Amino acid sequence: MKKYLLKRFVMSIITLWAIVTITFFLMHAIPGNPFAKEGKMPPVVYENLQKKYGLDKPLYQQYLIYLGNLVRGDFGESMKSRVETVNDMIERGFPVSARLGAQALVFALIFGPALGAMAALYQNKMPDYISMIVAIIGISVPSFVMGTFLIQFVAKNVSFLPIGGWGEFKHTILPSFALGLMPLATMARLMRSSMLEVLNQDYIKTAKSKGLTKFAVIMKHAVRNAILPVVSVLGITISNLLVGSFVIEKIFGIPGLGMFFVKSIGNRDYTLIMGTTVFYALILVLMLLLVDITYMLVDPRIRLTEEGH
Amino acid sequence: MKSKKLLILLSLLLVVSVFVSACSSGEEPTTPEPEEPTTGEEQTGEKILRTNNSSEPGSLDPALAQGTHESWILNNLFEGLMKHDSTGQIVPGMAKEYTLSEDDLTYTFTLKDDIKWSNGDPVTAQDFEFAWKRALDPELAADYAYQLYYIKGAEAYNSGEGTVDDVAVKALDDKTLEVTLESPTAYFLDLCAFYTYYPVNKAVAEANPDWAKDPSTYVSNGPFTLESWEHNAKIKLAKNENYYDKDNIKLDGIDFDIIEDENTAWQKYEGGEYDILVTLPQAVVAQLKAENNPELQIGADVGTYYFNLNNEKKPFNNKKVRQALVYALDRQTIVDKIAQGGQIPATGIVPPGLLDENGEDYRATTGDFIGYDLEKAKTLLAEGLAEEGMTVEDFNAQGFVLLYNTSEAHKKIAQAAQEMWRTNLGIEIGLENVEFQVKLDREKAGDYDISRAGWIGDYSDPMTMLDLFYTDGPFNDAGYSNPEYDRLIDIAKSTADQKIRFDAMREAEAILMEDVPIVPVYFYTQPYAVKPYVTGVYKIPIQYPTITYADINK
Amino acid sequence: MTELTKEMFERASEEQRNAEKIRRPSIKYWPDVWRRLKQNKLAMVGLVLIILITVMAIAGPMISGYTYYEQDYSNINVKPNSDFWFGTDELGRDLFTRTWYGARYSLLIGILAAAIDFTVGILYGGIAGVSSRRVDSIMMRIAEVIYSIPYLLVVILMSVVFSSQGSGTSLFVIILAMTITDWVPMAILVRGQVLQLKEAEYSLASESLGADQGWILRKHIIPNTLGPILVNVTLTIPRAIFAEATLGFLGLGLQAPKSSLGSLANDGLAGMAVGLTYQIIFPALLISLIMFSFNVLGDGLRDALDPRLRK
Numbered sequence: 001m002k003k004y005l006l007k008r009f010v011m012s013i014i015t016l017w018a019i020v021t022i023t024f025f026l027m028h029a030i031p032g033n034p035f036a037k038e039g040k041m042p043p044v045v046y047e048n049l050q051k052k053y054g055l056d057k058p059l060y061q062q063y064l065i066y067l068g069n070l071v072r073g074d075f076g077e078s079m080k081s082r083v084e085t086v087n088d089m090i091e092r093g094f095p096v097s098a099r100l101g102a103q104a105l106v107f108a109l110i111f112g113p114a115l116g117a118m119a120a121l122y123q124n125k126m127p128d129y130i131s132m133i134v135a136i137i138g139i140s141v142p143s144f145v146m147g148t149f150l151i152q153f154v155a156k157n158v159s160f161l162p163i164g165g166w167g168e169f170k171h172t173i174l175p176s177f178a179l180g181l182m183p184l185a186t187m188a189r190l191m192r193s194s195m196l197e198v199l200n201q202d203y204i205k206t207a208k209s210k211g212l213t214k215f216a217v218i219m220k221h222a223v224r225n226a227i228l229p230v231v232s233v234l235g236i237t238i239s240n241l242l243v244g245s246f247v248i249e250k251i252f253g254i255p256g257l258g259m260f261f262v263k264s265i266g267n268r269d270y271t272l273i274m275g276t277t278v279f280y281a282l283i284l285v286l287m288l289l290l291v292d293i294t295y296m297l298v299d300p301r302i303r304l305t306e307e308g309h
Numbered sequence: 001m002k003s004k005k006l007l008i009l010l011s012l013l014l015v016v017s018v019f020v021s022a023c024s025s026g027e028e029p030t031t032p033e034p035e036e037p038t039t040g041e042e043q044t045g046e047k048i049l050r051t052n053n054s055s056e057p058g059s060l061d062p063a064l065a066q067g068t069h070e071s072w073i074l075n076n077l078f079e080g081l082m083k084h085d086s087t088g089q090i091v092p093g094m095a096k097e098y099t100l101s102e103d104d105l106t107y108t109f110t111l112k113d114d115i116k117w118s119n120g121d122p123v124t125a126q127d128f129e130f131a132w133k134r135a136l137d138p139e140l141a142a143d144y145a146y147q148l149y150y151i152k153g154a155e156a157y158n159s160g161e162g163t164v165d166d167v168a169v170k171a172l173d174d175k176t177l178e179v180t181l182e183s184p185t186a187y188f189l190d191l192c193a194f195y196t197y198y199p200v201n202k203a204v205a206e207a208n209p210d211w212a213k214d215p216s217t218y219v220s221n222g223p224f225t226l227e228s229w230e231h232n233a234k235i236k237l238a239k240n241e242n243y244y245d246k247d248n249i250k251l252d253g254i255d256f257d258i259i260e261d262e263n264t265a266w267q268k269y270e271g272g273e274y275d276i277l278v279t280l281p282q283a284v285v286a287q288l289k290a291e292n293n294p295e296l297q298i299g300a301d302v303g304t305y306y307f308n309l310n311n312e313k314k315p316f317n318n319k320k321v322r323q324a325l326v327y328a329l330d331r332q333t334i335v336d337k338i339a340q341g342g343q344i345p346a347t348g349i350v351p352p353g354l355l356d357e358n359g360e361d362y363r364a365t366t367g368d369f370i371g372y373d374l375e376k377a378k379t380l381l382a383e384g385l386a387e388e389g390m391t392v393e394d395f396n397a398q399g400f401v402l403l404y405n406t407s408e409a410h411k412k413i414a415q416a417a418q419e420m421w422r423t424n425l426g427i428e429i430g431l432e433n434v435e436f437q438v439k440l441d442r443e444k445a446g447d448y449d450i451s452r453a454g455w456i457g458d459y460s461d462p463m464t465m466l467d468l469f470y471t472d473g474p475f476n477d478a479g480y481s482n483p484e485y486d487r488l489i490d491i492a493k494s495t496a497d498q499k500i501r502f503d504a505m506r507e508a509e510a511i512l513m514e515d516v517p518i519v520p521v522y523f524y525t526q527p528y529a530v531k532p533y534v535t536g537v538y539k540i541p542i543q544y545p546t547i548t549y550a551d552i553n554k
Numbered sequence: 001m002t003e004l005t006k007e008m009f010e011r012a013s014e015e016q017r018n019a020e021k022i023r024r025p026s027i028k029y030w031p032d033v034w035r036r037l038k039q040n041k042l043a044m045v046g047l048v049l050i051i052l053i054t055v056m057a058i059a060g061p062m063i064s065g066y067t068y069y070e071q072d073y074s075n076i077n078v079k080p081n082s083d084f085w086f087g088t089d090e091l092g093r094d095l096f097t098r099t100w101y102g103a104r105y106s107l108l109i110g111i112l113a114a115a116i117d118f119t120v121g122i123l124y125g126g127i128a129g130v131s132s133r134r135v136d137s138i139m140m141r142i143a144e145v146i147y148s149i150p151y152l153l154v155v156i157l158m159s160v161v162f163s164s165q166g167s168g169t170s171l172f173v174i175i176l177a178m179t180i181t182d183w184v185p186m187a188i189l190v191r192g193q194v195l196q197l198k199e200a201e202y203s204l205a206s207e208s209l210g211a212d213q214g215w216i217l218r219k220h221i222i223p224n225t226l227g228p229i230l231v232n233v234t235l236t237i238p239r240a241i242f243a244e245a246t247l248g249f250l251g252l253g254l255q256a257p258k259s260s261l262g263s264l265a266n267d268g269l270a271g272m273a274v275g276l277t278y279q280i281i282f283p284a285l286l287i288s289l290i291m292f293s294f295n296v297l298g299d300g301l302r303d304a305l306d307p308r309l310r311k
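Residue numbers (the UniProt record's numbering), protein chains in the order written: chain A, 1 to 309; chain B, 1 to 554; chain C, 1 to 311.
It should be emphasised that the hints constitute simulated quantities derived from the structure, not laboratory data.
You can take every hint at face value.
One side of the interface only, derived from the structure: several residues of chain A facing chain B at Cβ under 7 Å:
id: 1; residue: P31
id: 2; residue: K40
id: 3; residue: M41
id: 4; residue: P42
id: 5; residue: V44
id: 6; residue: K52
id: 7; residue: S81
id: 8; residue: V83
id: 9; residue: K250
Here the structure is a predicted model, which is why all the values come from computation and not from measurement.
C-beta atoms are modelled at their ideal positions from N, C-alpha and C, and glycine is treated no differently.
Work out the full structure, taking the sequences as your base and the hints as a guide.
Right, dumping it as structure tokens:
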């Protein structure tokens, strides 16, 4: 176990390094630069800016300098904001996105698997159809439509829900809902499908024949085994939710990381692109590690030890 | 079995704890201070104007401001030597008076007596000298440093060739500022109202280079001060009690939200959360206009929407082909049916709203150069293509493309132009929608046929538009070059004699509109919405609507 | 030895003749899948809807008498009526034509993207799952790297590299852009399932009988993981349809005046604030219908494909 974790840790560092390196050179390969804009800016001003941010140096030097800073935890200065560093922006944007994401996830986790399990238990009956309809709405309405819809028809008519903006809990209700709908639907459908499969397994029949109550069979045997596919998408779902959704954040006017990420690419704000990418990768790698561990703990059949291979 | 259950529970707890920690750490930065609810003004009786500034400022340091995202806020925080009155006339601001030397090169400004910074310090001539030299510092690398290049020695210092002492701006004493220009510049006073020319408190900025990052150390000399700045969310301004003209300021503060989505901002305005809103969704403008809604104001703007033609590419190198494209566009229809924001069909490159030597509208006195003339367009195209040895089929076989950056508004105009050229001239032009940076890159590289462009003027003079097309100019993406045009621009730029200047500029515009390296489409307007209970908002062409003197009469 | 005479035989009765016959026809796997699918009414509704929508996507743009690009400035923002069944847009173009024309592209993009994700995801995840721990680990880390590289950067680069001037963004680039990282979640899902199933008794039995890993993967694991995978595929189709709309946002979608359901919904959004709701209703409704159809069909297929659900 320890050895495995150590190995995974080393692997994760290598993964991160690969992401940093590929992103760095990719970013410099695409057309544009942080200071290009429509206008009359003379070359002199442009050169001053390049010099200030070290973009006049050869690319490999910039890369090495960046790696050096990164090891020290310094993401550098934003090339667009003269007020905040990239560290400031991430420190500020992540909690906002994470809070929304966490609320959305809690919402999805409470209702998603439950709806899916219910649908499976009552296959082709009313509860199945209802959960199916919820899932289809969750999947088939694009988030930009859902967001606009919520503002236009819900926020404008319900006085305690603000139309957009950020500050208090009430600001988070609608965006969390909009954000959680898609993972909810995904989880419900995955759960339904794997639950159906599990319910036909021999060990369920064995459990039933042992005389366990239906409830005990479902909770102890069925759900626990059926939840595996849900767990396996959880890592990516969580990391997606944590870093925020550009669309939702833009529509609701929320100062989160998702917006920084997309805008930094449009602006070619190199340091912010790198900062958000590294941060995102860090979360993803961490989540996938957690998922592997959870998997190991949840499924009695998988053993993450060296034996067996 | 028991221990395994425990492990599952633990692992789930681990996952959940990640969120909980994320949540709890999220509480602190998101709720910085006990905030006043939005209805605060009713309880305290304060007059707070609420609006939206659609983008987060890159900085609120006047030297580092780059555009409208900053300027709308800065205009309320600072005041330059000169300022605009409600009719757009340039009048003294921080300056009491000024003199201009015989050779039109040296301005000597005398400052008002009772002017103070928001921290109580007097505003001095040294503050101006400091601010301008600071903005030119190559180390600071300010985007808009070139706005100061009119000052003698400024460009040399900014490019690292000259020294700071050679920049010809000098505080003769606390109240007197002397500026020497590179060449006579008739619109220099106008520039003195521009934000790069705002003063900076020398003592504060020298003691703390980061003064502009934090509201607690922020010092300004205008009608308002910076009260708080929640990044990407909200900026609050409070009335500056040290401002000399504070009696004319009726608001106690201005709250700017920072919400990028136009539709959301509009919903907030409609839902009563804003008192004024400047960037409106196109469909909303069209609807408000159709129903004659009194809240809608169509403000004048100084800007032109146009298409670049790649003048180096066959057949766009042919003047007649270019003219054909110009005359085949039905601009009135584009403006009435598609843009729908009260824009004005372009009849030249210089938009209305700029005054000529006699104080009259330049556009009106100069007359129309281009228009919609289908027969003429057809003839010109046939002649032009024949001169290039091409037929319409050859033209269509080339697969020419109109390049535009992604935006609903640009997409509509591009589709309309494409369809008009197709139906009117029988030519097929494709559309290519690319990311903004990619478009800039391809324009600079000359890798395009036709591309969308637009320019909003920096200062109130036709030159702000005309010098775009100077040979090898930084924004001359059409690649236009005409020595005669350059000569006329040089003449206009080197004299303060208004008659000579305007004659030269008129002649230059006539040449430009004969050569048409570009296809002008329309002159911009700036539609905005104001609630009926708000008074005192006005719009001068060169700026965002002025809310400084607004009043709320609820 | 008695001679066998004709009289010694009597004609077998019908009953006797059929006594040995296997009454139940031998059921092959695929016909059985189809048979069971047919029994699922909801799935059949989905199938019929998909066929109908596909037919309309092909024929719809031709039956209205309008083209997707012709503009009529005297008929801007017309509400649905007998001339314009779905109304017109802000340039006076017939939305009926544009909607079905858009459905054509959306279906194409959705199905192709899902097919690519499916293939790559299954291959990659499956191989990682059955391989040794070391190979598995390396493959998963590579997938993580690919998934973590900012998708937008890759897409912008591809659009620049692949779009030769004049052609605009091609369908190829759009589909490539959408699948370049999207197969990773699928691969991770498949790998998880495989890890779970390769310890199952039947895999073990097969292995003991000398089957190699490819055989186990093909014959046991993939058929048994199809359920969650199919569900994921039906989720990929809507994702791809929206992803195309999002790409359009960034200037990498289909080039105007061409339309897709996503871009129409996007265009229609602006009208929502001013009461032109019909501009978004039709494309949004069609997207939902497509989703519904693929989902119920996916579920039906899942049930039908699962060997353990055979009755």
